[in-house]
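Number of protein chains: 4
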Amino acid sequence: MQDRQMIIVMERNATAEQVRNVERRLTEMGFRTHLSQGVERTIIGAIGDRNSVAMGALEVLSGVERVVPILQPFKLASREFQPHNTVVKVGQAEFGSGRLQVIAGPCAVESREKYLEVARIVADLGATLLRGGAFKPRTSPYSFQGLEEEGLEILAEARQVTGLPVVSEVVDPRLVPVVAEYVDVLQIGARNMQNFFLLREVGKSSRPVILKRGPSATIEEWIMAAEYIISSGNPRVILCERGIRTFETYTRNTLDLSAVPVVKELTHLPIVVDPSHGTGKWRLVEPMSLAAVAAGCDGLMIEVHQNPAEALSDGPQSLNPVNFAHLMRSLARLTRALRDEERAEAAGARGW
Amino acid sequence: MQDRQMIIVMERNATAEQVRNVERRLTEMGFRTHLSQGVERTIIGAIGDRNSVAMGALEVLSGVERVVPILQPFKLASREFQPHNTVVKVGQAEFGSGRLQVIAGPCAVESREKYLEVARIVADLGATLLRGGAFKPRTSPYSFQGLEEEGLEILAEARQVTGLPVVSEVVDPRLVPVVAEYVDVLQIGARNMQNFFLLREVGKSSRPVILKRGPSATIEEWIMAAEYIISSGNPRVILCERGIRTFETYTRNTLDLSAVPVVKELTHLPIVVDPSHGTGKWRLVEPMSLAAVAAGCDGLMIEVHQNPAEALSDGPQSLNPVNFAHLMRSLARLTRALRDEERAEAAGARGW
Amino acid sequence: MQDRQMIIVMERNATAEQVRNVERRLTEMGFRTHLSQGVERTIIGAIGDRNSVAMGALEVLSGVERVVPILQPFKLASREFQPHNTVVKVGQAEFGSGRLQVIAGPCAVESREKYLEVARIVADLGATLLRGGAFKPRTSPYSFQGLEEEGLEILAEARQVTGLPVVSEVVDPRLVPVVAEYVDVLQIGARNMQNFFLLREVGKSSRPVILKRGPSATIEEWIMAAEYIISSGNPRVILCERGIRTFETYTRNTLDLSAVPVVKELTHLPIVVDPSHGTGKWRLVEPMSLAAVAAGCDGLMIEVHQNPAEALSDGPQSLNPVNFAHLMRSLARLTRALRDEERAEAAGARGW
Amino acid sequence: MQDRQMIIVMERNATAEQVRNVERRLTEMGFRTHLSQGVERTIIGAIGDRNSVAMGALEVLSGVERVVPILQPFKLASREFQPHNTVVKVGQAEFGSGRLQVIAGPCAVESREKYLEVARIVADLGATLLRGGAFKPRTSPYSFQGLEEEGLEILAEARQVTGLPVVSEVVDPRLVPVVAEYVDVLQIGARNMQNFFLLREVGKSSRPVILKRGPSATIEEWIMAAEYIISSGNPRVILCERGIRTFETYTRNTLDLSAVPVVKELTHLPIVVDPSHGTGKWRLVEPMSLAAVAAGCDGLMIEVHQNPAEALSDGPQSLNPVNFAHLMRSLARLTRALRDEERAEAAGARGW
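Protein chains in written order, with this note's numbering: chain A, 1 to 352; chain B, 1 to 352; chain C, 1 to 352; chain D, 1 to 352.
A portion of the hints provided could be inaccurate.
Unchecked claim - Computed Cβ-Cβ distance ranges for the label pairs, DEER-style:
1) GLY126/B / GLY91/A: 40 to 50 angstroms
2) ARG174/D / GLN37/A: 45 to 55 angstroms
3) GLU148/A / GLU17/D: 33 to 43 angstroms
Claimed, not checked - 20 angstroms max Cα-Cα, derived DMTMM-like pairs, lysine to aspartate or glutamate:
4) LYS264/D / GLU65/B
5) LYS264/A / GLU11/C
6) LYS75/B / GLU11/D
7) LYS264/D / GLU11/B
8) LYS264/C / GLU11/A
9) LYS75/D / GLU11/B
10) LYS264/B / GLU65/D
11) LYS75/C / GLU40/A
12) LYS75/B / GLU40/D
13) LYS75/C / GLU65/A
14) LYS264/C / ASP184/A
15) LYS114/C / GLU157/C
16) LYS75/A / GLU40/C
17) LYS75/D / GLU65/B
18) LYS264/A / GLU65/C
19) LYS75/A / GLU65/C
20) LYS75/A / GLU11/C
Stated by the list, open to error - To spell it out: a stretch of chain C is covered by chain A in this simulated footprint if at least three of its residues, at any positions, have a beta carbon under 8 angstroms from a beta carbon of chain A; those stretches are:
21) 33 to 45
22) 66 to 78
23) 239 to 249
None of these hints come from the bench; they were simulated from the model.
All figures in this text were calculated on a predicted structure; none of them were measured in a lab.
Heads up, the beta-carbon is just placed ideally off N, CA and C, and yes, glycines get one too.
All chains, please: the whole structure from these sequences, using the hints.
In structure tokens:
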């Protein structure tokens with residue numbers, strides 16, 4: 001299939017011999033070429049196969065200024081490939097179908113009693129999935145690293161108690177089977193977004209995967225990470241925007257809400273937003289949750305702790321139950337308003 | 001007034017002599033000091049005057065590891081200084097009073113006919129102020145640089161025709177009087193956010209000022225720029241988030257909507273959002289406008305052109321009239337919903 | 001002159017009608033077009049004139065995915081336009097001729113006595129130009145703002161005393177004539193790199209200009225700023241790398257030394273490096289100065305103060321006289337070694 | 001051991017009750033506290049234990065504005081803990097002893113014949129270690145992923161043929177034993193810098209580890225990753241600066257050479273620089289290599305391919321043998337000159 005297309009821009013003083021050499025090399029690589037001669041630059045268009053050798057290598061041929069790829073590097077994740085939305089179902093929850101999902105719970109599972117207590121609280125307040133870390137990737141080796149398998153058992157118990165599906169992070173390819181045994185949704189953390197061996201391993205699992213965006217990943221690289229999982233056999237991928245690293249230090253990360261409509265345009269995958277990590281400050285969680293929903297996301301991931309001042313991790317960005325209740329009420333009103341809007345839209349003329 | 005407070009952290013092996021030397025120097029600079037001796041570090045607390053000499057200089061004293069400022073560097077702009085919201089009135093429009101303002105119009109004034117046409121269109125569709133550039137700062141000296149004073153005259157005519165106040169950028173301290181003569185609101189562009197001589201000049205004007213955030217400015221630096229204007233005598237400052245520069249290239253800038261609640265917390269100034277420059281892509285303008293409003297902004301700044309494909313600048317991010325009409329309808333529904341929410345809020349218990 | 005060349009990539013499902021429409025529009029804009037039909041994308045090549053209307057506008061035509069410019073946006077500054085190095089002479093100093101220039105002095109002129117003292121010190125130690133700020137752009141309106149015209153007079157006196165040319169920043173278009181009267185080289189600060197009205201004003205001056213890179217400016221935008229100055233009539237531009245803003249906070253900025261060989265490749269202009277602002281820490285100034293010279297820069301800009309702990313600005317990044325003397329000795333050995341290298345190079349075979 | 005020290009800054013209007021509450025909580029957490037009352041802010045100093053609970057959590061106590069840590073978060077890697085340089089020996093090569101090490105070879109092992117050929121070439125030209133990827137983390141699942149274990153066998157053969165130690169990346173905790181069996185130095189790639197389970201696994205190995213800096217990692221986070229390895233039992237860590245992600249797109253990454261002297265100041269670990277990934281362009285490899293050495297690094301990591309235009313990965317940044325030979329000659333002259341400088345230094349007075 002001829003699905004690679006690129007433009008080779010020659011240097012200003014490239015000789016006819018250099019141009020011929022590039023064309024020859026392209027032909028060897030299985031590309032059809034086309035020459036376009038400007039006053040200042042000669043351009044070679046090339047059409048070939050995705051599996052042909054690395055096109056970057058062409059940049060070192062003498063006389064070549066740069067190589068411009070024309071097509072997106074991802075395929076299975078792209079909306080061109082699949083025009084309709086992927087809907088990922090987990091128990092009663094559906095990501096991508098238009099109903100907002102709220103995944104809530106503490107950063108880490110700290111003890112059985114505390115986790116079951118907070119799980120009941122968020123379930124009562126309307127959360128549709130539970131979250132909780134059993135294996136914690138921490139910046140410092142001296143920080144709390146999670147309850148590990150014991151934490152997974154507690155998560156499974158919380159699911160039974162509340163009836164809600166549970167999400168937990170998997171950090172090591174060796175742990176995929178055990179985590180998948182206990183939880184409903186596997187989460188790939190931001191720092192593992194390009195841990196390709198882990199991506200392939202969750203790609204072989206039958207569990208849906210929440211794929212967090214890496215702190216320095218472009219949207220394209222993030223979608224490529226989803227492509228790894230899908231091309232390994234698992235199409236149930238949910239993207240999660242959680243902020244990127246920028247020069248601004250007032251917030252922990254810079255929550256890139258533009259990513260929501262961009263992902264909707266480029267891919268068919270559902271997308272959720274994590275304003276807790278995205279801002280690092282609990283006071284910003286409610287306004288940014290509302291903003292994320294207005295931008296069109298399919299769900300939210302919210303850190304809630306019954307007593308944030310005693311949390312073993314991420315206390316400053318966790319809501320307490322009172323604030324989470326307030327958020328849920330605000331979300332209910334906003335989604336109601338946006339649904340009305342859609343209905344009005346459907347009834348009237350469509351602008352874009 | 002004793003309004004500067006800082007902590008000096010000494011190096012691990014700092015000698016008693018070095019500590020005494022820092023204390024002596026602080027006393028000379030008019031600070032009262034307080035010593036706190038840890039096992040690994042000695043810390044000196046100091047309280048003094050904002051006008052005492054540069055505290056950064058203390059970092060070079062021998063034995064000093066670093067200096068930690070305790071207080072925010074801005075004052076007049078801070079919510080601590082003035083707890084209630086500043087409301088900036090321009091004609092009928094009020095920024096900061098709770099009603100959403102929509103500033104709309106083309107990037108540049110291209111001709112009298114075209115400007116009056118688009119001004120009437122956006123006014124009919126509900127815009128509350130007009131925008132249009134007469135002096136254009138352009139990355140390339142070969143791009144269209146604006147109609148200059150002729151453009152200002154056209155803006156003034158558009159105000160008469162539509163009854164709406166007009167906003168236009170001022171790029172040179174010499175031009176402040178002439179621009180202020182023709183337009184209602186002076187705009188400081190992102191690239192001039194730290195053009196301190198221009199800030200002081202608009203600080204002497206009686207016109208309100210929209211101060212765009214610089215592409216690499218932290219929120220604190222941006223508020224400091226507002227402090228320049230206010231301390232020069234002009235308290236009518238409206239901040240404008242328009243995206244920051246990050247590694248992501250799919251969007252022209254990364255619109256930092258977290259800045260909206262952060263600015264509301266740190267200052268008493270109104271804030272508007274410019275999703276046109278903030279994303280660079282017209283398809284993203286509506287979702288990001290809705291998100292900005294949900295995050296709590298006081299207004300939007302939207303580029304609209306009757307025929308974006310023929311715009312002399314910023315075509316790709318301009319809405320055409322049909323899309324602008326669609327945006328205005330969506331905004332109307334959203335703000336109605338959010339107002340209902342506030343009313344419900346006021347009636348019920350308050351969580352945070 | 002046909003010096004604009006671009007590629008229009010159509011969307012996957014673009015219709016033949018949409019393609020014809022883009023071709024028609026290009027023809028109206030004065031471009032010759034060429035069609036290239038891939039399996040997945042149709043591409044239109046276009047060759048035209050730099051002064052034809054904004055090509056970005058094409059992106060909004062229906063069916064267009066994106067527009068790829070083929071040529072660099074700058075011309076007069078480019079090495080394609082002028083293959084040999086520009087050498088900027090100021091008194092005895094030559095930038096771009098192969099001899100390293102060292103511009104030294106305090107951040108700000110603080111008083112006549114102090115400035116003349118430090119000027120004599122750095123001159124004795126081998127500096128080839130003096131620096132000192134008379135008009136200071138400061139983040140806070142409450143910081144020392146410079147001695148203004150009195151500072152210029154002191155600089156002129158220091159030139160007479162030492163025989164060295166002096167460099168000082170100009171921050172306001174209105175001040176260009178007075179600063180140019182007193183000093184030998186005008187400096188455009190990082191925050192004014194895209195203050196286009198100021199660039200045009202120094203472009204009309206006969207003084208050489210040191211153009212600092214903006215903290216969030218790409219190399220291309222920086223060269224475009226030089227293009228503004230050159231196209232206004234002043235070809236004597238010296239670029240100055242002084243660090244860019246990134247997420248790293250340990251250093252004040254991230255000194256981008258790759259910019260040195262990149263600027264040498266893309267332009268014919270000399271380039272100097274400012275490791276004082278580039279790092280913000282005096283301990284890093286010597287290693288980064290040596291690195292900058294090894295990377296191929298034409299000069300250095302070094303902040304020196306007789307007593308950094310009492311400096312009114314930038315104390316933490318200023319060298320004291322002892323450390324500056326040490327730096328000058330290290331530089332002398334390094335440049336000697338690099339000259340030997342060049343000589344050996346000239347005698348032997350050349351690899352690249 | 002009392003090795004945690006911090007400052008709690010209270011909000012401006014914090015009540016006496018809130019202050020007492022924070023003090024009480026700190027005491028419960030095992031901290032000794034000290035109160036310092038300014039006019040605008042009350043500050044609480046606290047000294048306690050590294051293993052006490054997460055201090056971030058204090059930020060959510062009512063009345064607290066922020067928490068300022070006073071001590072560095074790393075210990076075993078810090079120069080405070082071990083003042084003398086760690087020297088890592090691998091065969092004949094010593095990292096950290098003052099002699100420059102050059103690790104050279106292709107990005108990926110592509111075939112036995114090609115690898116042995118290029119290994120002999122770089123060995124003849126003076127490289128002191130070989131590099132080559134057997135397991136390749138690639139952005140796209142459709143790119144060449146390496147020869148895997150067959151690649152490791154080829155690397156082992158190349159060591160026998162050339163007598164040089166070999167370096168190869170390990171990407172999966174499960175693969176640490178097999179990679180460690182074949183190669184002399186384990187490399188942790190940039191994208192795995194915070195793959196903490198992999199860090200712990202190489203921490204249990206007896207092989208030295210080259211730890212690349214993550215593209216969005218601060219220097220502090222990078223040193224914390226080294227702390228993971230050392231605290232797991234492996235003190236033989238070599239840091240590798242390879243560029244960070246910034247807004248500049250002309251280079252693949254922004255090589256942060258300031259990291260070299262900063263790492264030397266904060267830690268006792270050796271540091272090497274990878275200008276191939278750091279710039280992404282072979283033309284920049286030589287100037288940036290020289291700059292890195294002038295900045296004080298202990299070694300370089302250089303991609304070399306016998307025919308970069310045919311490389312399966314990273315062709316554009318690979319040197320061909322002629323250019324690598326040129327680089328090695330330039331490095332020889334530079335290191336000779338810098339050694340002379342040190343000798344002169346040792347003989348004369350020392351400025352800093």
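Cross-check of the supplied hints:
no.: 1; hint: GLY126/B / GLY91/A: 40 to 50 angstroms; result: holds (44 angstroms)
no.: 2; hint: ARG174/D / GLN37/A: 45 to 55 angstroms; result: holds (54 angstroms)
no.: 3; hint: GLU148/A / GLU17/D: 33 to 43 angstroms; result: holds (40 angstroms)
no.: 4; hint: LYS264/D / GLU65/B; result: holds (16 angstroms)
no.: 5; hint: LYS264/A / GLU11/C; result: holds (16 angstroms)
no.: 6; hint: LYS75/B / GLU11/D; result: holds (15 angstroms)
no.: 7; hint: LYS264/D / GLU11/B; result: holds (16 angstroms)
no.: 8; hint: LYS264/C / GLU11/A; result: holds (16 angstroms)
no.: 9; hint: LYS75/D / GLU11/B; result: holds (15 angstroms)
no.: 10; hint: LYS264/B / GLU65/D; result: holds (16 angstroms)
no.: 11; hint: LYS75/C / GLU40/A; result: holds (12 angstroms)
no.: 12; hint: LYS75/B / GLU40/D; result: holds (12 angstroms)
no.: 13; hint: LYS75/C / GLU65/A; result: holds (17 angstroms)
no.: 14; hint: LYS264/C / ASP184/A; result: violated (56 angstroms)
no.: 15; hint: LYS114/C / GLU157/C; result: holds (13 angstroms)
no.: 16; hint: LYS75/A / GLU40/C; result: holds (12 angstroms)
no.: 17; hint: LYS75/D / GLU65/B; result: holds (17 angstroms)
no.: 18; hint: LYS264/A / GLU65/C; result: holds (16 angstroms)
no.: 19; hint: LYS75/A / GLU65/C; result: holds (17 angstroms)
no.: 20; hint: LYS75/A / GLU11/C; result: holds (15 angstroms)
no.: 21; hint: 33 to 45; result: holds (count 8)
no.: 22; hint: 66 to 78; result: holds (count 3)
no.: 23; hint: 239 to 249; result: holds (count 4)
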